[in-house]
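4 protein chains.
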Amino acid sequence: MNNTIGHAIALTLFGESHGEEIGAVIDGLAPGMPVDPDAVAAALARRRPKDALSTGRREPDLFRMVSGIKDGKTTGTPLAILIPNTAAHSEDYESGAFLPRPSHADYAAFCKYHGYEDRRGGGHFSGRLTAPLVAAGAILSPALAAGGVKIYAHIASLAGIEDDAFSEHTAVLDKLKDGDFPVLSEAAGEEMKEAIRAAAKDGDSVGGVVEVLVTGLPAGLGEPWFDTVEGELSKILFSVPAVKGVEFGDGFALAGMRGSEANDPFAVKDGKVVTLTNRNGGINGGITNGMPLCFSVAIKPTPSIFREQKTVNPIAKTEEVLTLHGRHDPAIVHRAVPVIEAVCAIVLSDFIARRYGTDALAGGRFAQMAKSEGCL
Amino acid sequence: MNNTIGHAIALTLFGESHGEEIGAVIDGLAPGMPVDPDAVAAALARRRPKDALSTGRREPDLFRMVSGIKDGKTTGTPLAILIPNTAAHSEDYESGAFLPRPSHADYAAFCKYHGYEDRRGGGHFSGRLTAPLVAAGAILSPALAAGGVKIYAHIASLAGIEDDAFSEHTAVLDKLKDGDFPVLSEAAGEEMKEAIRAAAKDGDSVGGVVEVLVTGLPAGLGEPWFDTVEGELSKILFSVPAVKGVEFGDGFALAGMRGSEANDPFAVKDGKVVTLTNRNGGINGGITNGMPLCFSVAIKPTPSIFREQKTVNPIAKTEEVLTLHGRHDPAIVHRAVPVIEAVCAIVLSDFIARRYGTDALAGGRFAQMAKSEGCL
Amino acid sequence: MNNTIGHAIALTLFGESHGEEIGAVIDGLAPGMPVDPDAVAAALARRRPKDALSTGRREPDLFRMVSGIKDGKTTGTPLAILIPNTAAHSEDYESGAFLPRPSHADYAAFCKYHGYEDRRGGGHFSGRLTAPLVAAGAILSPALAAGGVKIYAHIASLAGIEDDAFSEHTAVLDKLKDGDFPVLSEAAGEEMKEAIRAAAKDGDSVGGVVEVLVTGLPAGLGEPWFDTVEGELSKILFSVPAVKGVEFGDGFALAGMRGSEANDPFAVKDGKVVTLTNRNGGINGGITNGMPLCFSVAIKPTPSIFREQKTVNPIAKTEEVLTLHGRHDPAIVHRAVPVIEAVCAIVLSDFIARRYGTDALAGGRFAQMAKSEGCL
Amino acid sequence: MNNTIGHAIALTLFGESHGEEIGAVIDGLAPGMPVDPDAVAAALARRRPKDALSTGRREPDLFRMVSGIKDGKTTGTPLAILIPNTAAHSEDYESGAFLPRPSHADYAAFCKYHGYEDRRGGGHFSGRLTAPLVAAGAILSPALAAGGVKIYAHIASLAGIEDDAFSEHTAVLDKLKDGDFPVLSEAAGEEMKEAIRAAAKDGDSVGGVVEVLVTGLPAGLGEPWFDTVEGELSKILFSVPAVKGVEFGDGFALAGMRGSEANDPFAVKDGKVVTLTNRNGGINGGITNGMPLCFSVAIKPTPSIFREQKTVNPIAKTEEVLTLHGRHDPAIVHRAVPVIEAVCAIVLSDFIARRYGTDALAGGRFAQMAKSEGCL
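Chains as they are written, first to last, in my numbering: chain A, 24 to 399; chain B, 24 to 399; chain C, 24 to 399; chain D, 24 to 399.
Excised from the complex, chain A in its bound form:
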């Protein structure tokens, strides 16, 4: 099914950038999970463009949860979350001939939908569609946390500037959720912001890499063929606009190592099986091994730039020159961080519900089950 993901917990996404509302239906939630609207609002605020680093489009994301909730708790029936579009400037998109933006979805969408697509603001392909994903993540993350599962993410690199490596100091990790530009090194963060401003000044854009760390996951999640943890995560990650690469653990760097370097030796620590290194990112054979899950996601530079670009009129089959107007991000890497965290929460919740059953996500129940079978 095209716009639905998940198995035990399923999410269906709908909407267009300049349509009336966007939203998601989340199905398979355990009954009795507390849902805090303020936490959802806070997560949406993290994703929202806010300063000179982002698009001028400003929307309050006045979401409504119209089903599946009663007295602040999930009922166990589908939870629909709706977000109205209020700040759309459609006139930016509607004048003149259709000139697809290079490396944006415009032309591919035209081929797929034969011109019936809603092109305004990228339509269904807009990054705006990630808002309902973030909302879903905000609903699921507390349930994961109740069972001890925590998701951290930072901008590992942007425009070639690298952040510090993930630390094991939880205090440092928790800090990542505070601001709107999650980095471990403040200095690197400042340099990155400068690079974004410099690109914006040139009418250009930059990309980067987002790195994720998940702690507290039970071992034994995932299916070897074909629902691996790596595969399910990457499948959804690649539908996040601008994602062009996903790697787990040391990823592509592993390809240049020898086995003796790449293998993570086992040890026993405090009565638990651990690995002394974690080059495989907490996954072997597609299954979690109890070590932290680590992966990186490549985000290409925003394709909407303000420099003159070669394009075509695909109907008249003429070559044209495109100069964009409107509001566009010079970088979306920092805004992608909460989206990627949300995707991670959605996919991991599904794996947990598949393994431990419908009710597993309420009250950290899955963690008790995992402990009792020696997987946590």
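Because the hints were derived from the structure by calculation, they are not lab data. Be careful, since some hints might not be right.
In this list, chains with the same sequence are indistinguishable; a pair is considered to hold if it fits within one copy or across any two.
Using 25 Å as the maximum straight-line C-alpha spacing, the simulated SDA-like pairs for lysine to any residue come out as follows [said to hold, decoys possible]:
#1 Lys292 - Ala210
#2 Lys340 - Lys394
#3 Lys198 - Ser283
#4 Lys96 - Gly119
#5 Lys292 - Lys333
#6 Lys340 - Pro165
#7 Lys198 - Ala188
#8 Lys292 - Asn336
Given the coordinates of chain A, assemble chains B, C and D onto it according to the supplied hints.
Below, chains B, C and D alone, put in the same frame as chain A:
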């Protein structure tokens, strides 16, 4: 569903390395597709270990197609392909305590299956399970080719040694299917083989990157959320043993570029819309844009090495030292090439059947439909 | 996935009777299908309670289609339809202890959702949830009709009173959509209404059988194992509240016949293969055979009656007596007719899109494809 | 996916009546479930034709379980079961023009597969394909029984002759598995057999109704929209050859009752909530309510009869007369009983695994979980 992939065309995989038979059921094939058993045998032969570069396990892959075929053509009902296991040396695995191999699936599988798993030869996690995938690819590839879709793959790098870049000369590309070690540069290929032999001599292993190019695909395949071409491919690729990263077009390198570099300008060539570069690998917004599909897959070094490794007895919770015996590949990169080609054929066939219907894959019918709507 | 049906065309349902909004997301619609909001409104009006035969709850069904539509046509992306709940009298439900209504979903829901369910008005189990299904049917039916597929339904029996048998006179059939009480015999209809009024007067309710006829379907739709036309239809029909039986063609009556009576002999008529009788309801082996599709659906009497009933307090485990207040239908058979028609449109559209591809439902394209292969 | 059913536990079916092998892949089985090959053989023996009441085709059903099993227990990976076809008399089918048998799948299959289908013995549509279902049922039933869930079925009527109603005496119920002709009244059984013999003598066939009773099911299984217990069961039941109707509880008879008759009053018995009658068959709102699950399945008379029948040559479009040869059952009602029991075991196991997780089916674990939450 765990072991089933695909939507319009679905493949279900089963078997263990040392079980009685492994196999796959392919469902949703158009009726009337010719199936050449010799082509299937040839594809299996490409995957099979054959010389000093590979494991000593030698099997003839005496496959049988026991349903869904009549008079050399698909009937349209499920095609089951069975491959008996004949050369399993189970005794290599059955003696002594359970000592999981570092970075292999052994320990994660133990957590998942509580010790009931069949561990011999990696069981259900074995690379041997890729044989039915290769067979499925061999059944689907001729149907894709009948519509003009061709899949090429080479070892882009191995142990840090790089092959030439993909050429646009079809003659060169067609050559890739000939041998068992698909590279564009013979010299690079020899260097790579030498690196494998050197690693083998050290009881060690090497990894590499496989790069794929698909030509002749209709524009407009894929779904933005969430069944992108990138997402569906990567999902299955990550279940191929040892895959730890997937990137499309320039992938992670795009993260370091500016938009003005990363964007592929449009042009009109022979009355068709094309892009002047293809840094996005033929996909925008998750949808094919009519340019060649390009992606790269990171293969880690085989985790089974013959050097002493630290491991544990996960039941007794004791630290142990492991020295492997048995037959293991010092590199599986070259053997992964036909597997990745097969995964590509399976995923693309499914997208075509979803878009153009049940019968689309017979007789290149999808290509006529795509042409008539201007997508090819 | 719990609340999602369909394969090529998928529908996800959400909402509770007394929640903020109910709705559905319809995914996989061909781009370019005209959508007439007036036709949707008219279909919802047919389902809506309107007179003394129905519940006192009166709602205008002010639906909104908030995505997937542009300029009156589908875009090909998910179409979300939202219907606010405006006339809920929750106070009818909220006073006092929880006393489940006999043969309603209340108690089963309590077991499933552990008391977190929204019980007001039946919550997610309410017949009100059929409104989005009817809306979806109103969007799909014109596309089916454009390809010559027409769906007719009548009250075959109610409280034991039987309507005339389906006629082959199209004029008579078209008349069925006109009123709110679709019968072929006006006299039978009057008698049925009288039976409803009599039951209402007794604080009781009645049930009935709805019979459906679909003409113009291509032969060859359906899958033998397991997506038969019968199976997919019945799966969705059984989720319509109060449905307790489904039979195809002569159904249960066939069980008492001999093969020589039950078999439908073949003949050639106007160059087409037909059957001389249609006791199998247009389906053989789960696949359409080109004859009209016929099936019947048993609707039990509304469980909400105003007579004293024995119930329990499932928390205190005490036996109690229940006397209902609020607004309830003495019969829902007539209101079930447009719902069953809608389910039929949804399921058949999905089969058509699977067989003939994504675009098949636009402009009657599937009918041309079916004709060209001799299936229509 | 066409030939795959189930969610947490999925079954994929393949094969043709006269192909090389038929079989099924069962995925999602809990690790550690004991599998008794003798029980599988015994179940297949119950389905197998054995005397004058059945087809002359005699096959030993030499099944092999080639994966997913180790040391007599499931491993948790896909279990593939293969059954070779050994007694096919293909020559009965291959002579002369294609003359579809009335009310058999032949003609519908021809429309669907364009003549590429394997027609011999009904091909993929053959009742022979129910053998792997029966095998799957034999694997799952002991796991259900370990948690206290028992499935009983009898021939409720055949050729109009009615068996006694289901008794609550377990001793009587257990007797039903003993012979090959499961009835509660021996006298009725003898009459039924006589009716079969009489029909056979006339070259004709008879149908009947199979009734099923399931005890010990936890309350709270099923999903209201759209994965109701009724809907999932009926979906699979309708793919069993010759099934033309399914009803739950009193089914179609409920349509003629008033609510005050049809409703099942609640009571408390031994501290448990029960209903005093069970006209709704243990299901309300699509969800189990803790009472026995009851349903009936209409089986039409075997369409293969030996009397002259009108048919057509669908290629030449000529009217023809058909006289069948070969081996055909004068009734399949009794042979359908173990098939329907198996379908029931497959569907209920899936619901249990969805609710209680991957491991729930091993060792009756689901029953403990259900008890601890008050659902059993």
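Hint by hint, here is what the structure shows:
1. Lys292 - Ala210: neither (35 Å within a copy, 47 Å between copies)
2. Lys340 - Lys394: For Lys340 and Lys394, only the inter-copy Cα distance (16 Å) is at most 25 Å; the intra-copy one is 63 Å.
3. Lys198 - Ser283: Neither, since 35 Å and 34 Å both go past 25 Å.
4. Lys96 - Gly119: between (49 Å within a copy, 21 Å between copies)
5. Lys292 - Lys333: between (59 Å within a copy, 13 Å between copies)
6. Lys340 - Pro165: Result: close neither inside a copy nor across copies, 52 Å intra and 32 Å inter.
7. Lys198 - Ala188: For Lys198 and Ala188, only the intra-copy Cα distance (14 Å) is at most 25 Å; the inter-copy one is 43 Å.
8. Lys292 - Asn336: So Lys292 and Asn336 pass the 25 Å test across copies only (13 Å; inside, 63 Å).
In terms of the numbered hints stated before, the structure departs from hints 1, 3 and 6, listed from lowest to highest.
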